[in-house]
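Peer 1: One-letter residues, chain by chain:
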Amino acid sequence: MTGQEKDFFTKELSRRKVLKIAGTAALAGMMGPLAARRLWAGEKKPNIIFILTDDHRYDAFSCMGHPVVKTPNLDRIANEGAPFRNTFVTTSLCSPSRASFLTGQYAHTHGVVTNHTMWNDRNVTFMELIKKAGYDTAFIGKWHMPGDRLPQLRGVDEFITFTREGGQGVYYDCPLIINGIETPRPGKYITNDLTDYALRFIEKKRKNPFCLYLSHKAVHFGFRPPEHLKNLYAGQDLHLPPESDTWVTLTNNNIFVGAPMPMNMLYRNYLRVVASVDEQVGRLLASLERTGELNNTVIVYAGDNGHLFGEHGLYDKRNAYEESMRIPFFIRYPKLVRQTGRRDQMVLNIDLAPTLLDIIGAEIPAFMQGRSMVPFLQNPSLEGRDAFLYEHFPVFPIPIPGITAVRTKDFKYIHYQKGTWGDQLFDLRKDPRELLNIIDTKAGKEALPGLQKRLEQLKEETRYQFFTHG
Amino acid sequence: MEKKPVFQRVVFPAAVVLALMIVSVNLYNASRWWEPPILQAFFIHLSALGMFASIWLGAMIANTLAFFRGATFSERLLVCLVTPMAWDAKVLFDFIGIFSGAEVLYACFHAVIMGPIFVALLCMGISEIWCRIIYRRRTGDRFVKIMDFKSGLVLIVGFVMAFLLLYNGGHSFYYLYMDLYSRIFLSPGGMQ
Chain A
1 MTGQEKDFFT KELSRRKVLK IAGTAALAGM MGPLAARRLW AGEKKPNIIF ILTDDHRYDA
61 FSCMGHPVVK TPNLDRIANE GAPFRNTFVT TSLCSPSRAS FLTGQYAHTH GVVTNHTMWN
121 DRNVTFMELI KKAGYDTAFI GKWHMPGDRL PQLRGVDEFI TFTREGGQGV YYDCPLIING
181 IETPRPGKYI TNDLTDYALR FIEKKRKNPF CLYLSHKAVH FGFRPPEHLK NLYAGQDLHL
241 PPESDTWVTL TNNNIFVGAP MPMNMLYRNY LRVVASVDEQ VGRLLASLER TGELNNTVIV
301 YAGDNGHLFG EHGLYDKRNA YEESMRIPFF IRYPKLVRQT GRRDQMVLNI DLAPTLLDII
361 GAEIPAFMQG RSMVPFLQNP SLEGRDAFLY EHFPVFPIPI PGITAVRTKD FKYIHYQKGT
421 WGDQLFDLRK DPRELLNIID TKAGKEALPG LQKRLEQLKE ETRYQFFTHG
Chain B
1 MEKKPVFQRV VFPAAVVLAL MIVSVNLYNA SRWWEPPILQ AFFIHLSALG MFASIWLGAM
61 IANTLAFFRG ATFSERLLVC LVTPMAWDAK VLFDFIGIFS GAEVLYACFH AVIMGPIFVA
121 LLCMGISEIW CRIIYRRRTG DRFVKIMDFK SGLVLIVGFV MAFLLLYNGG HSFYYLYMDL
181 YSRIFLSPGG MQ
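Going down the list, the sequences are from chains A and B.
Here this note's numbering is used: position 178 in the first sequence is 178, and no number is missing along the way.
Here this note's numbering is used: position 55 in the second sequence is 55, and no number is missing along the way.
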């Protein structure tokens, strides 16, 4: 193996580098939790607002360089906080990812492995633990986890959600289940309606800090913008990837996803819906500013998974490609993020729960498989994880096999359950769009054993098990 | 009407549409990566048109060819169903090894699988009408009805089923289908 071909498994570390890593890790270990706890010693704990959108890609923001969409309010959260540019979901699908955000666990641990598998009421959410820490809590928006009834969410004071279309909801006139009572919402646009309830919750006079989980239906398929945005970006070049085309959603197995419309029309409406989310986030920020709570509130913005718009000839998510598994993740909290700007560490959706608990100084339970991001909020140059496990379980009726993958900073190895789907290996340094599978090349054969070994290690560490039934 | 040999009245009409499908699918998937973009766009649109014409509307072409070559109603029905069934088989093959045998069987009732079959029936029923009108004009044979029981039946069955599958953009049928799936395969005591 030549020096140029050394990967992260074989790279020799200088003594200086070893000392630097060990030193920063030790410092973070010693100082991290203490520093967070000391932040509000003798003062009110911070409020928390977690805004989760559906299918919002990591790059569909003006602050991420998107050539069309304008997102000034979301950009503000990123620019005044810490935008984590390498954030991934451990499973790129709505329900498993949502359960992972809530529990800090992989799908194979919390059990919601697909959009059809039931939420287990024994699962402990960060909302429950935050409630125990003295917070007023509200879950407003998309729950979308299967079951014959909505759960009695422990630790949630207000639970406003919807069950229409299998829990996906609809953009207009979506009935809400407000603390167990179905309430028609004629004439309402869902993103605005949920934001109205969110504003009501955060503007309530209270003694305790609050924790709001605001989970939008947007920007999921349907892609119906509000009336005043329905002509936004009309006629503009959308800069879709070169391999995307008008008919992607109607061809091959993409048709099973059920979005039978020309790609340009879909994507233009997607961007309009993103703009509508941005507007509503602006209302939240304005309210916090008005009430003087903005800088005492931890604001987290994330998407539940990515979305392919023709890349690799695919539409939808589930796959282990970057466009599918990568999500936006911004944290704004000036008291902790003293150095704003991008964070490049690989972080995951399962890291949210431990991070929030760490920020408020609560104990992080051992069952959580994620790690706190607080050290990275305090020190952007700390080393992050070297690799993580990605998993996907078959979801009827989408003919995509089970997937396990390992992503490192430099490589991604994707292993498919079904043999006719050949495994893939990508060198992310040379091929960030993952267009060239190098698994049969010399470089690929050299990297593969290490990646396979790391994948097995990660599976063992997380007690991975395969679920054949979605 | 002169009854041509089986190759000409059955195999040829079916093969024309099937070949159009095979060429279009392969051209579509290959041309995605072609350059320059204008060439890519031309072949993408051309092949998409070919796929749509063969998989969804192919029965109109196949039935017309078979009709004027003297194929019987049963032969014409077969000719019309060859391409949608071949397409369905290709799609269902992708399910094998991912889902259980029972689930693969259940997948046969998915709108995407049943859709091409019933749309083919609808198209056959429509093309029967024009074939009979043309035949009557050409031959002056007024004993041939513009629509008889069998052709009327395929038209009605095709229309009703296509409507049910596609109503509300396919959402209504999809949620019904998935609800039933959950009851069969995911409920306690189901086929897990």
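Keep in mind that the hints were calculated from the coordinates and are not lab data.
Cβ coordinates follow ideal geometry from the N, Cα and C atoms, glycine included.
Careful: at least some of the hints might be erroneous.
What the hints assert, rightly or not - A few chain A positions that, by computed beta-carbon distances, are all more than 12 Å from chain B:
hint, residue
1, V68
2, E243
3, K335
4, L382
5, P397
6, T462
Said to hold, decoys possible - Using C-beta positions, here's what the derived DEER-type ranges look like:
hint, chain 1, residue 1, chain 2, residue 2, range
7, A, K132, B, F93, 46 to 54 Å
8, A, P262, B, F143, 44 to 52 Å
9, B, F93, A, P262, 48 to 56 Å
10, B, F93, A, F467, 56 to 64 Å
11, B, C108, A, A234, 49 to 57 Å
12, B, F93, A, R429, 49 to 57 Å
13, A, P184, B, V144, 51 to 59 Å
14, A, P380, B, M85, 56 to 64 Å
Unchecked claim - Per the computed footprint, the stretches of chain B lying under chain A, defined by three or more beta-carbons under 8 Å from a beta-carbon of chain A, are:
hint, segment
15, 37–47
16, 85–99
17, 168–180
Peer 1: With reference to the structure, classify each hint as holding or not holding.
Peer 2: A quick look at each hint next to the structure:
Listed as a non-interface residue, V68(A) keeps its Cβ farther than 12 Å from every Cβ of chain B; the least gap is roughly 18 Å. Listed as a non-interface residue, E243(A) fails to keep its Cβ farther than 12 Å from every Cβ of chain B; the least gap is roughly 5 Å. Every CB of chain B lies more than 12 Å from the CB of K335(A), the least distance being 46 Å, so the non-interface label holds. Every beta carbon of chain B lies more than 12 Å from that of L382(A), the smallest distance being close to 40 Å; the non-interface claim holds.
Distance to chain B contradicts P397(A) as a non-interface residue, since its nearest Cβ pair spans about 5 Å, not more than 12 Å. In this structure T462(A) is separated from chain B by more than 12 Å, as the shortest Cβ-Cβ distance comes to about 23 Å. Checked against the hint of 46 to 54 Å, the C-beta distance between K132(A) and F93(B) comes to roughly 52 Å, which is consistent with it. Take P262(A) and F143(B): their Cβ atoms lie about 47 Å apart, and the range 44 to 52 Å holds.
Between F93(B) and P262(A) the beta carbon distance is about 27 Å. The supplied range of 48 to 56 Å is therefore violated. Range check, F93(B) to F467(A): about 23 Å between beta-carbon atoms, so the 56 to 64 Å window is missed. Here the CB-CB span from C108(B) to A234(A) is close to 41 Å, at odds with the stated 49 to 57 Å. For F93(B) and R429(A), the hinted distance range of 49 to 57 Å is not satisfied, since their beta carbons lie about 36 Å from each other.
Separation of P184(A) from V144(B) is about 56 Å and conforms to the stated range, judged on CB atoms against 51 to 59 Å. Evaluation of the 56 to 64 Å hint for P380(A) and M85(B) yields a pass: the beta carbon distance comes to about 58 Å. Only residues whose beta carbon comes within less than 8 Å of a beta carbon in chain A count, and the segment 37–47 of chain B has 5; three or more means the coverage holds. Proximity of the segment 85–99 of chain B to chain A, defined as three or more residues with a beta carbon under 8 Å from a beta carbon of that chain, is established by the 6 residues found.
Remark: the segment 168–180 of chain B is confirmed as covered by chain A, as 6 of its residues place a Cβ nearer than 8 Å to a Cβ of that chain, reaching the required three.
Going down the numbered hints, you'll see the structure goes against 2, 5, 9, 10, 11 and 12, while the others check out.
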